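Asker: Sequence:
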Amino acid sequence: MTLFARWRSEREFQRKAQRFVERLLAEPSDDDVRWLAGTATHGDTDHSRWELRYARRALGLITAERDALDDRTGSLVARALADATAHDPQVAPEMQEIAERQFNARLSAYRDALAARAGAATGARLGQTLFAFAGGSFRQVDEHITRGGELLGEYLAEANTALRDTFGKVSLPENVPPSALSRG
3 MTLFARWRSE REFQRKAQRF VERLLAEPSD DDVRWLAGTA THGDTDHSRW
53 ELRYARRALG LITAERDALD DRTGSLVARA LADATAHDPQ VAPEMQEIAE
103 RQFNARLSAY RDALAARAGA ATGARLGQTL FAFAGGSFRQ VDEHITRGGE
153 LLGEYLAEAN TALRDTFGKV SLPENVPPSA LSRG
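Letter by letter, the sequence shown follows residues 3 to 186 of the working numbering.
Since the hints were made in silico from the structure, they are not lab data. Treat the numbers as computed from the prediction; the structure is a model and nothing was measured. One or more of the hints may lead you astray.
[What the hints assert, rightly or not] List of simulated lysine to any residue pairs, SDA-like, C-alpha gap at most 25 Å: (1) LYS171 to THR47; (2) LYS18 to GLU160; (3) LYS18 to HIS89; (4) LYS18 to ALA122; (5) LYS18 to ASP33; (6) LYS18 to GLY121; (7) LYS18 to TRP37; (8) LYS171 to HIS89; (9) LYS18 to THR87; (10) LYS171 to ASP32; (11) LYS171 to GLN16; (12) LYS171 to LEU116; (13) LYS171 to ASP69; (14) LYS171 to ASP72; (15) LYS171 to GLU160; (16) LYS18 to ASP90.
[As the list claims (entries may be wrong)] If you anchor each label on the Cβ, the simulated ranges turn out as follows: (17) ASP48 to GLU145: 18 to 26 Å; (18) GLY155 to GLU29: 17 to 25 Å; (19) SER11 to ASP114: 29 to 37 Å.
All C-beta atoms, glycine included, are put in the ideal place defined by N, C-alpha and C.
Produce the entire structure from the sequences given, and follow the hints as far as they go.
Answerer: This is the structure in structure tokens:
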């Protein structure tokens with residue numbers, strides 16, 4: 003591959019990461035914001051909206067890191083997400099560092115919730131993580147935790163769909179196991 007062809011390929015890959023991140027920047031629905039405000043943030047819709055934004059972005063980045071076809075995807079998405087956040091008009095310039103720390107805390111917690119194999123079901127762990135940040139306390143599984151887990155499960159599914167739409171789907175030959183391809 004020539005230098006110019008490699009450069010064009012890299013630029014296209016970066017553009018795909020930016021398109022994927024644009025989908026992660028979708029605003030949460032007003033109904034979901036009101037629900038979370040009513041159940042966790044003591045009526046604070048701004049806090050609720052930010053928790054749902056952080057959750058969608060964190061789960062999208064995790065999806066890119068673990069489900070992408072190319073190992074570079076996660077790092078390119080992380081870079082594109084950091085750039086989008088740095089230029090987010092909803093974050094005051096003096097609050098950028100705080101927003102970054104808050105996002106990183108949530109990213110780590112959602113990673114842990116998805117990676118845990120013991121205890122509650124994955125949806126319940128996601129819901130509990132959402133409520134831990136939104137309400138400042140860890141709650142037992144109830145209908146609100148269940149709904150939060152279902153909502154974040156939808157965010158994961160949307161991120162996976164966006165990943166496939168943007169970067170492509172796996173295409174394997176019929177009757178050939180994936181392990182046989184790596185030998186070839």
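Asker: Mind listing which of the numbered hints don't hold for this structure, in increasing order?
Answerer: Failing hints, ascending: 1, 4, 5, 6, 7, 8 and 10.
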